[in-house]
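Chemist: Single-letter residue listing:
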Amino acid sequence: MKAREEILSRVRSALLASPQGRASDIGGHRGIPRDYAHTRELPDLLGLFVERVEDYQASVIRTDEAGVAAAVGKSLSGARTVVVPQGFNPSWLPDGVDIRADEPALRADELDACDAVVTVAVVGIAVTGTIVLDHTQGQGRRALTLVPDIHVCVVTADQIVADVPEAVHRLNTCVQRGRPLTWISGPSATSDIELDRVEGVHGPRTLHVVLVESATA
Amino acid sequence: MTTGPMTRTATFLGMPPFPVAARKALADSQLRGNLRDATHTIRTKRARVAGELDDWEQLRVAGAAIKDDVLANLDRYLQELEESLTAAGATVHWARDGAEANQIVVDIARSHGVEEVVKVKSMATVEIELNSALEAAGIAAWETDLAELIVQLGNDLPSHILVPAIHRNRSEVREIFLREMGKAGMAARPDLSDDPADLAGAARRHLREKFLRAKVAVSGANFAVADTGTLVVVESEGNGRMCLTLPEVLISVVGIEKVVPTWTDLEVFLQLLPRSSTGERMNPYTSTWNGVTAGDGPQEVHVVLLDNGRTKVLADELGRQALRCIRCSACLNVCPVYERVGGHVYGSVYPGPIGAILTPMLRGVGTDEATDALPYASSLCGACFEVCPVLIDIPEVLVHLRGKVVDSHRGGVPAALQAAMSAASWTLGRSGRLELVQRLAGLSGRVLGRGGLIGRMPAPLSRWTDARDAPAPPRESFRRWWARTDGGRADPGSPPGTPGKAREQV
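Those protein sequences? They're chains W and R, same order as listed. So in our numbering, spot 197 of the first sequence is number 197, and the numbers just go up one at a time. So in our numbering, spot 371 of the second sequence is number 371, and the numbers just go up one at a time.
Hints listed in this document are in silico derivations from the structure and should not be mistaken for laboratory results. Just so you know, not all the hints are guaranteed correct.
Claimed, not checked - Calculated lysine to aspartate or glutamate pairs in the EDC-like style (CA-CA distance at most 20 Å, straight line):
1) R:Lys312 / R:Asp368
2) R:Lys210 / W:Asp149
3) R:Lys210 / W:Asp112
4) R:Lys210 / W:Glu110
5) R:Lys215 / W:Asp109
6) R:Lys404 / R:Asp393
7) R:Lys45 / W:Glu54
8) R:Lys24 / R:Asp156
9) R:Lys215 / W:Asp112
10) R:Lys45 / W:Glu194
11) W:Lys2 / R:Asp97
12) R:Lys45 / W:Glu199
13) W:Lys2 / R:Glu100
14) R:Lys312 / R:Glu396
15) R:Lys45 / R:Asp55
16) R:Lys210 / W:Asp109
17) R:Lys45 / W:Glu51
18) W:Lys74 / W:Asp115
19) W:Lys74 / W:Asp149
20) R:Lys45 / R:Glu386
21) R:Lys183 / R:Asp156
22) W:Lys2 / R:Asp107
23) R:Lys183 / R:Glu209
24) W:Lys2 / R:Asp75
25) R:Lys45 / W:Asp55
26) W:Lys2 / R:Glu83
27) R:Lys312 / R:Asp393
28) R:Lys312 / W:Glu5
29) W:Lys74 / W:Glu213
30) R:Lys24 / R:Glu339
31) R:Lys215 / R:Glu248
32) R:Lys45 / W:Asp196
33) R:Lys312 / R:Glu100
34) R:Lys312 / W:Glu6
35) R:Lys215 / W:Glu110
36) R:Lys183 / R:Glu135
37) W:Lys2 / R:Glu80
38) W:Lys2 / R:Glu82
Work the whole structure out from these sequences, hints included.
Modeler: Quick look at the structure:
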């Protein structure tokens, strides 16, 4: 018997003795008690998002649409070569930085030579201080936000949801379309040595979030 | 070509049984200190962030129910997952056991002619000893999680699910890095300090060259979504993202119990897992991917669905709940036994309370002494059940497995336990016999007891005393004291005491 058939047959015989819980069809109501919170009432959604992102030692600048370029510039201070993915709003970029397009795709070592990357996101989660990228327009393929040491991410107020269930709901269409997702909560970190938290191992060691309060994505 | 990682199979075979290994671990005060600090730190953080959510209990109930639904319908969800993965461009393989899974991974790596692969921390691949299999095929497997790197370079074994190098302190890590990094690739700078940030920086430089040149990566998965074919990896450092993104070929070894039915079900687990595991509201990075994404990441994606004993666990109706486990390690951090002996003595990649039930069921009870000892490696205090995010009643399963261990040894020569029970029945049958035995015990206690305790006794009594210290019997039994002092009225100051002082139980 091939491995697939044998494993499935082992599963079926393991379940033979206790058929309770066997669904007549998958996808219908599965009897899961879902009386946990599907949203959370937050008096200050954006304020909590900022507080929770900063809790991870990331920085947040709150600004209006007109101030985005300046906020990005401030976040990039010190970075010379900056990767900007296709579809990122050019008016949000400051003057005087060396911009690298990922067109044609940069090799890994070329990316490694870049100081920073600037992107947008699709969803921000207030309770957990998380930003989520689906790597479509303005976000670039996954490697862009991974290899450079500084990540500046522009999120808009309408993208912020209260907690994980709302984010999962909003991201449903991205996943159904087959998009990969990256959930980012602060800079890369480890607590592997004596549980002493250290920011920055392999991913970007610095994360700056620019929160745009008057714009829509 | 760099030299391969230090040869050390991940195997725990040949480890002495728990009671023997525990005796040695308990004598290591450095280890006990490291473990106490670490487990207390994480359990405090976990309690705080779990307490932040007023629907935590409802999330636990939902998490358990989702997993139970998966297990009750596992055959159908696995086929659905296979279909979704295939539609997303992934190649699905099935492996009945570790050897079969290893062969699949080795064959894929060989077909690309590589001499090395990079690895994301994965319990399943340690379980099947994939690194040894790759090494035997001439392929170096580089662990990229910081703690796994410390374990691999230190020619060591993991001792905790979440922080495998929890038993090493910073100066030990520094020594390992200085000594071993140069043999495996980029050496650590000679002026490396023991500051964790400096050590993490050394790991970043050492591994970056490997990430940038790697052609093939191997990962596990925290979840596999049946209806969308989405795999999920939850991590902190970014080494996972490196492995999942930069190489051309990605092979993920996924236990068949990792499937969840729908994308929406992740709204439960992505709250339960980080809060239970690292005690954070969210872990730094979570990656999800559906097979192959054009122009982004690996263009050849393989998924190996692994049984390796999981269907045996599934067949145990009461023990099946262990397959709900999402590998958060909260049960380790609250366990009074784990806190004192650490992970190695469990002789398995799955240590602590969850390991004490999962390992015997994966391997089968009655196969060897070390496995059969595991269900007894617990005081049944129940702390593990209280923190488990998917409500695994570990104490209930431990007791159930103790029964199975006893059953597996029935027949043949009567065991010492049965002999002892017969003796007890004779002794307690008549009061005169009890008095006689107590007087004899009082005498023997003076001979055997030291510091008020009876230590190791010869076989068959060693089966009790190897794992437990017994208090030496008092010189005078309660019944004799009562008769002599008229119930204490004649001599109120001297109740029947035990010789020596009371000792803190460990």
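Chemist: Can you confirm whether the C-alpha distance between Lys312 (chain R) and Glu6 (chain W) stays at or below 20 Å?
Modeler: With a Cα-Cα distance of about 13 Å, the restraint between Lys312 (chain R) and Glu6 (chain W) holds, given a limit of 20 Å.
Chemist: Hint check: Lys45 (chain R) vs Glu51 (chain W), CA-CA at most 20 Å. Holds or violated?
Modeler: Measuring from Cα to Cα gives roughly 18 Å; hence the hint holds.
Chemist: For a C-alpha distance cap of 20 Å, please report whether Lys312 (chain R) and Asp393 (chain R) respect it.
Modeler: Within the cut-off at roughly 18 Å; holds.
Chemist: Between Lys312 (chain R) and Glu5 (chain W), is the straight-line Cα distance small enough, at 20 Å or below?
Modeler: Roughly 16 Å separates the two Cα atoms, so the pair holds.
Chemist: Holds or violated: are the alpha carbons of Lys183 (chain R) and Glu209 (chain R) at most 20 Å from each other?
Modeler: holds, 14 Å
Chemist: What's the verdict on Lys2 (chain W) and Glu83 (chain R), does the C-alpha distance respect the 20 Å limit or exceed it?
Modeler: Between Lys2 (chain W) and Glu83 (chain R) the Cα gap is close to 18 Å, so the pair holds against 20 Å.
Chemist: Lys210 (chain R) and Asp149 (chain W): Cα distance at most 20 Å?
Modeler: Holds: Lys210 (chain R) and Asp149 (chain W) sit about 17 Å apart, inside 20 Å.
Chemist: Against the 20 Å threshold, does the CA-CA distance of Lys210 (chain R) and Asp109 (chain W) hold or violate the hint?
Modeler: holds, 11 Å
Chemist: Just to be careful, I want the Cα atoms of Lys210 (chain R) and Glu110 (chain W) compared with a cutoff of 20 Å; is the pair within it?
Modeler: OK: Lys210 (chain R) and Glu110 (chain W) at ~15 Å, within 20 Å.
Chemist: Take a quick look at whether Lys210 (chain R) and Asp112 (chain W) sit within 20 Å of each other, Cα to Cα.
Modeler: holds, 13 Å
Chemist: Straight-line Cα separation of Lys215 (chain R) and Glu110 (chain W) no greater than 20 Å?
Modeler: Satisfied, since the Cα-Cα distance of roughly 17 Å is no more than 20 Å.
Chemist: Please work out if Lys2 (chain W) and Asp107 (chain R) have their alpha carbons no farther apart than 20 Å.
Modeler: holds, 17 Å
Every hint, counting from the list given before, is met by this structure.
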